[in-house]
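A.B. asks: So the chains spell out like this:
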Amino acid sequence: MTNRSWKKPRQHASVTLCLASFGAFVRFIAVKLVALGLILLALLLPSRVAFSFSIEFQGRGVKRTILALYDSAVDESASNTPIHKLAEMPLNHLGYIVEFHDIRTGLPAPETVVRHRAVMSWFTQAIPDASAYLRWLDEVMAGGTRLIMLGELAPPETLEMQPLVNKVLARLGIRSADNFQELTFKARATFIDPDMMGFERKLDKAIPGFPIIERISPGTRTHLTIEMPSVLGVLRTHPVTTSENGGYVALNFTIDHDQNTNRGGWVLNPFNFFRLALGDERFPIPDVTTLSGRRIYFSHIDGDGWNNLTEVDGYRDGKSLSVEVVAKEAIEAYPDLPVSVGLIAGDVQPLLGGTLEGIKWARRLFALPHVEVASHTHTHPYTWQFFESYDREKELAMIRAYRPPDMPVRERMTAAIMRSAGKAYQNPRYDPFIAGTDNLPRTYLREAYNIEREFLGALKMSEMFAPPGKRAALYQWSGNTTPFESAIEATRKAGVRNINGGDSRLDAEFPSVGYVPAISRVVGRQRQIYAVNSNENTYTNDWTGPFGGQMMLEHTLRNTDSPRRLKGFNLYYHMYSGEKPAALRAITHFMQMARTSSVVPIAASRYAAMADGFFDLEMEQVDLFSWAITRRGAVETVRFDEAAKLAVDFVNSVGVLGENRHDAALYVALDPAVSRAVVTLKARPETDLVAGAGRQGVPLVTLSEGRWTLSDAKSSDCLQSYVAQGFGPGDIAFRTEKGRGFKVRVSRAGATLSEEIRWANDRGQLAISLQANAIEPLDITLACHD
Amino acid sequence: MTEAAVFKSRLGRLRSVYQRVSDWIEGVWGWTTSSRPVLRSLQRPYLIVMPTLFAGAVAIGVAILPGEEERIAALERDGQPARALMMLEARFARGDRSNTTLFNLQRLYDFFGDGEKGRTALELLAAQRPRDPIIQRQLAQLYKATQDEPAYIKALQTQLALRYAEPACRELIGLHRRRNDYEAEQATLKDCRARGYRRSEDLVRLAFLEMADERMGEAAQIMMLVDDRRRLAVGRERLLLFMALLETKRPEEAVRRATRWLKAALDEDLAIEFVYKLIEANRNDLALQLATAVSKSGDGVSLTVGEVMVDKEEYVAARAFLTGWLQQNKTMDLDLAIRFVSAGLDCDEPGLAMLGAERFGIDRFGQDDLGRLAEMLIARGLGPVFDRVRAYLKPETILANPLLAAGIEMRAGRLEQARAVLVRVQLDRLDDRRLDHFTRLVDQAGRTPALAAVLREPRVVAATPAVDARAPLVGPAQARQRILRRAVANKQLRAKQRAKTNQPATAPAGSLLPFQFPSSP
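For the record, the sequence lines run as chains L and P.
If you read the first sequence in our numbering, its first letter stands for residue 22, the second for the next number, and so on.
If you read the second sequence in our numbering, its first letter stands for residue 868, the second for the next number, and so on.
I should point out that these hints are in silico values taken from the structure, not numbers from a laboratory.
Hints are supplied without guarantee of correctness; some may be wrong.
Listed next, the in silico DSS-like pairs over lysine-lysine satisfying Cα-Cα at most 25 Å (straight line) [unchecked claim]:
(1) L:491 - L:381
(2) L:491 - L:481
(3) L:226 - P:1021
(4) P:984 - P:1021
(5) L:381 - L:444
(6) P:1116 - L:207
(7) L:735 - L:764
(8) P:1057 - L:188
(9) P:1021 - L:207
(10) P:1163 - P:1197
(11) P:1197 - P:1130
(12) P:984 - L:226
(13) P:1163 - L:223
(14) P:1163 - P:1116
(15) L:223 - P:1057
(16) P:1021 - L:223
Quick list of simulated restraints, FRET-style, between CB atoms [said to hold, decoys possible]:
(17) P:945 - L:353: 54 to 60 Å
(18) L:213 - P:1160: 39 to 45 Å
(19) P:945 - L:618: 37 to 43 Å
(20) L:506 - P:1017: 44 to 50 Å
Computed footprint of chain P on chain L, listed as stretches where at least three residues anywhere in the stretch have a Cβ under 8 Å from a Cβ of chain P [to be verified]:
(21) 330 to 340
(22) 519 to 531
Nothing here was measured: the structure is a model prediction, and the numbers come from that model.
Backbone N, C-alpha and C fix where the C-beta goes; we use that ideal spot for every residue, glycine too.
Work the whole structure out from these sequences, hints included.
C.D. replies: Right, dumping it as structure tokens:
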């Protein structure tokens, strides 16, 4: 939620601008009325003259929410809408939060919409009472809220509604000529804005049908112009426009879909479009992809296939389980890489169909310090909707309908002999209460579904196998990963984070950012956090092979890191990956990659907490280039895009640990121990060398990047200390004055673990590599050693 | 003689034979007394039989020992694929490039997830068997699975060069399209079509691409083929074929097909579009023929019959037709009301036009439309009729329309005020019809020097919104068509946007999401 306090005390900001670097600020200043004066003043003064002056700045909350309207008669729920599936991720990336509203429940009072930065719609079908909607929209826009319109404005736009339609469109600086051109073979695009169009797909050679949209305001930017000769003359349309009041894209100019390969792609550049349509305002973007200046890495395993027999060489004795292989080859072998293991309670409950052997491995895994205890449900629901209004009778009928195969005579004889010998015989293949197919609502069907047991019970079951005091921290959604509201609520009540769903892909098979999901899915008042990457199931064609398909995750990892870092690095798989050598090889490949690449390994629940924090975070612009950030939960990084010419002004910032750059973005690491961080920007100096470190407010060292996360920074003239936590070796790079020496001391509870002298290089980089175990937090102190 | 006695006698004979053989050996080989014990031992038959049997067994055993291939298969079956792979690799290292070795190598590398080596093995195999469609398909699938798109495209092309396959064509066309390589897409479509590819959606796509290249003949040919095989159902496709036929000077064929489509299921908007396209092509006769063939009394299509009559200046017939049409009409909406009023006024039947307007409800017209209607009435000097409309006009509507304002002033006898309004009119913003109206008003108000100067000013643009200066000047009939088309286009906008030209047929109704998202259980 944003801070909606508009009546902050007036503050004075002293801004010193160096005209030589003035260009870096032009984007800021252009959108600020106050700053306009600055530009004029600057233009009047001779260049390369530094000057300073004071201006007054009214602090204000940054509006980050967008009200997305949808029609539940067309899209059953918010998560089925194109806004959620296609537009929300780019909006999240730009720092915005989407709040959905079903127009079938009535329109919100216009005065309540003021808190949103924009209203957004992507209608394709007739909506109820379109005229009333248009009147409402007009009122909302009159109140200063922007409109982002993809597709049609208010279908059906009848002739009677045209004046109203055009009244609303006029606020966007456009007008509808109420004319749709279906046959476009004579049409030609006479202007294409390369920054806006042809993002993933070029404008089709056979231009799709278009409405005639005129531009009526010079302030409206057109990003595409199409002209077509007709008997009436040359028809000209502007199907993609942005203005200070929002943006418009005609339906056929957003995405393109190819039927043959059944894949879609953006024609429009959604990042640029939303940025411009939302006012192109710069503010620190809460970032959930990066910590300590590095891309995050986390891994989580769904327990599916825990008890499956493995085919992996060395374990292929007919007794070894998948979990054993994964435990030995992918978990115990990588103590420097945290992993969350989601146990299905049913897998370790013989009454339901689980095995005792599985319990042994649960205990062994959860005892490992880098393993996070998690639950992957109690009975493994496949179809969550079924349990929203659960009916046991209906479930029993389904069980009867999907009968397992008949037990062959040999099996029966074996079972009889074992029973006569007083031993239990179990083969899940023939147990009607263990689903062998997702046509049934869940895997373990013997007991009636119970929400208490499914959540709290499952989490307790996981904890039962963990060492005393080690609590379950995460609930990993199963099946179709679309839980209902009270299910998500149950995880919140149990005090754990939740994750899964989304199935992010961005590779040659799914070649669009449209396949990269938003951070979360909202269900009623609850929020489900999506996993960051997809798992091996989508890479192996529903586990039918090729079983090494997850190797292709590498493409998604690369494409979601550059040219913009859309997602972190999430190694997500199931226990059944321990069944196949190829699948296991893919996993270990990525674990090696995580071990050797510049990432910061964290627990999966920490990512989920960061994702939750994204939505709670509030920020207030306290000065022209300064923002106060509060209620940020676990979000510890903010980002500025297109910031090659910007840098953090550490002297005027509070609770900022350091900065790092990736492509054109500036990542700012915040101190978790400071509840109200203030990030202030300045023009990037010509050289990144630090001068006067430790004096006149210039910090002694600042964090560039690190494999561990730092907090609670304390500094004095010649001493800087942090609390650090992390997995694996503590490779950390600081920035300071070139050539300076530091005594680096690592301690825990006062006891020194290591001490060494390190010197900054000629570029002012101070690199340290600490070998201590930092899973439990420890202290790092850097003292001058000049 | 008992059987036992027979057996004994035979055994005795055997012994004597054996003895003779022994003696012979002794004689021939010269074995001495010292070798007697050996000979004695040889005299026991089983000592000969058993080694012979053993040797035979060994020989047979060696003969039927499993070969390396069988051993590899057995190792795999016994759950030792790593050993099997080692053997295969050893064979490969020895220079064995047989199909079996390469095939098994690829399979086992795949099993162990060693993609690079698996790919090499399969590529070698494919190179050895360039004409094996199964191997080529397998190679293509491997490239697809490993997301090597350029190699995948090449493999599909090789596969197609070898043997036509619809799935390969479909995939290749889609890939080119996805990569924005329209030239390659078009070329592949043509090539595949020549070899028997008949997927309607892709043929329609080819027709659109041909049309974009202004090859109307080809487009028409393709669309006719699709229409003959599978009657075109989508309005946009029908329109495309209709236009392609008109552009290639085959209007009769266009009307024949349109009549067939519309008689099967009347799409009023499309029918009207066809009629207007025919009018644009100056084929009023065919327009009338089509409208008559597919319309019902009182519907929107049948109104076009009256409009065509007006266009042909058959005013008496048009009046009679419009009167009948109004009686038959059951559902008057704004589109129809505007068209009817316009047609009524054009055939000098203001009373009839007003009847139509009142049937719809004058109060239901938007102010813009009402302003236009009032302007038309006043332009034709239909003061009393205009007065019935005047009551519904808002002052801002009148202010926004100087021609209407001037007309009202003149009707009130305030010529001076009328002239003052007319002087401010920007002629550049008037189309021909309204310019004609303006001239008439100036004449009625009296040509003052100022107004005369306005009329002398060069007029650059005959503009309707979104029509630029290059637009040809159009006569009154076309001007009316423009108004009508505006109404029609609006209806089409709604109808066709529902159809969503870029929405795949497979997408669920109402969904904008043709994307197939990855999903996992």
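A.B. asks: The structure should be examined with respect to each hint, and the outcome stated for every one.
C.D. replies: Verification of the hints:
1. Of the pairs offered as hints, the one joining residue 491 of chain L and residue 381 of chain L holds, with about 17 Å between alpha carbons and a cut-off of 25 Å not exceeded.
2. Simply put, residue 491 of chain L and residue 481 of chain L have alpha-carbon atoms about 11 Å apart, close enough for the 25 Å limit, and the pair holds.
3. A threshold of 25 Å between alpha carbons decides the hint, and for residue 226 of chain L with residue 1021 of chain P the separation of about 24 Å falls inside it, so the pair holds.
4. Restraint check for residue 984 of chain P and residue 1021 of chain P: the C-alpha separation of about 20 Å stays at or below 25 Å, so the hint holds.
5. In summary, the hint linking residue 381 of chain L to residue 444 of chain L is supported, as the alpha carbons are separated by about 20 Å, within the 25 Å threshold.
6. As the CA atoms of residue 1116 of chain P and residue 207 of chain L are separated by approximately 17 Å, the hinted pair is consistent with the 25 Å bound.
7. Between residue 735 of chain L and residue 764 of chain L, the direct Cα distance comes to roughly 16 Å. Compliance with the 25 Å bound is thereby established for this hinted pair.
8. Taking the CA atoms of residue 1057 of chain P and residue 188 of chain L, the gap is near 48 Å; set against the 25 Å cutoff, the hint is violated.
9. For the hint linking residue 1021 of chain P to residue 207 of chain L, the alpha-carbon distance of about 34 Å lies beyond 25 Å, and the restraint is violated.
10. A C-alpha spacing of about 11 Å is found between residue 1163 of chain P and residue 1197 of chain P, which places the hinted pair at or below 25 Å, so the restraint holds.
11. For the suggested pair residue 1197 of chain P and residue 1130 of chain P, the alpha carbons sit about 21 Å apart, so the restraint of at most 25 Å is met.
12. With a CA separation close to 41 Å, the supplied pair residue 984 of chain P and residue 226 of chain L exceeds the 25 Å bound.
13. Among the hinted pairs, residue 1163 of chain P with residue 223 of chain L is inconsistent with the structure: their alpha-carbon atoms are about 44 Å apart, more than 25 Å.
14. Distance hint between residue 1163 of chain P and residue 1116 of chain P is unfulfilled; the C-alpha atoms sit about 28 Å from each other, more than 25 Å.
15. With a CA separation close to 22 Å, the supplied pair residue 223 of chain L and residue 1057 of chain P stays within the 25 Å bound.
16. Of the pairs offered as hints, the one joining residue 1021 of chain P and residue 223 of chain L holds, with about 22 Å between alpha carbons and a cut-off of 25 Å not exceeded.
17. Between residue 945 of chain P and residue 353 of chain L the CB atoms are about 29 Å apart, so this pair departs from the stated range of 54 to 60 Å.
18. Residue 213 of chain L and residue 1160 of chain P have their C-beta atoms about 43 Å apart, which keeps the hinted 39 to 45 Å range intact.
19. The hinted window of 37 to 43 Å between residue 945 of chain P and residue 618 of chain L holds, with their beta carbons roughly 40 Å apart.
20. Separated by about 47 Å at the C-beta atoms, residue 506 of chain L and residue 1017 of chain P satisfy the suggested range of 44 to 50 Å.
21. By the rule of at least three residues with a Cβ nearer than 8 Å to a Cβ of chain P, the coverage given for the region 330 to 340 of chain L holds, with 3 such residues.
22. Counting residues of the region 519 to 531 of chain L whose C-beta sits closer than 8 Å to any C-beta of chain P gives 6, which meets the bar of three, so the coverage hint holds.
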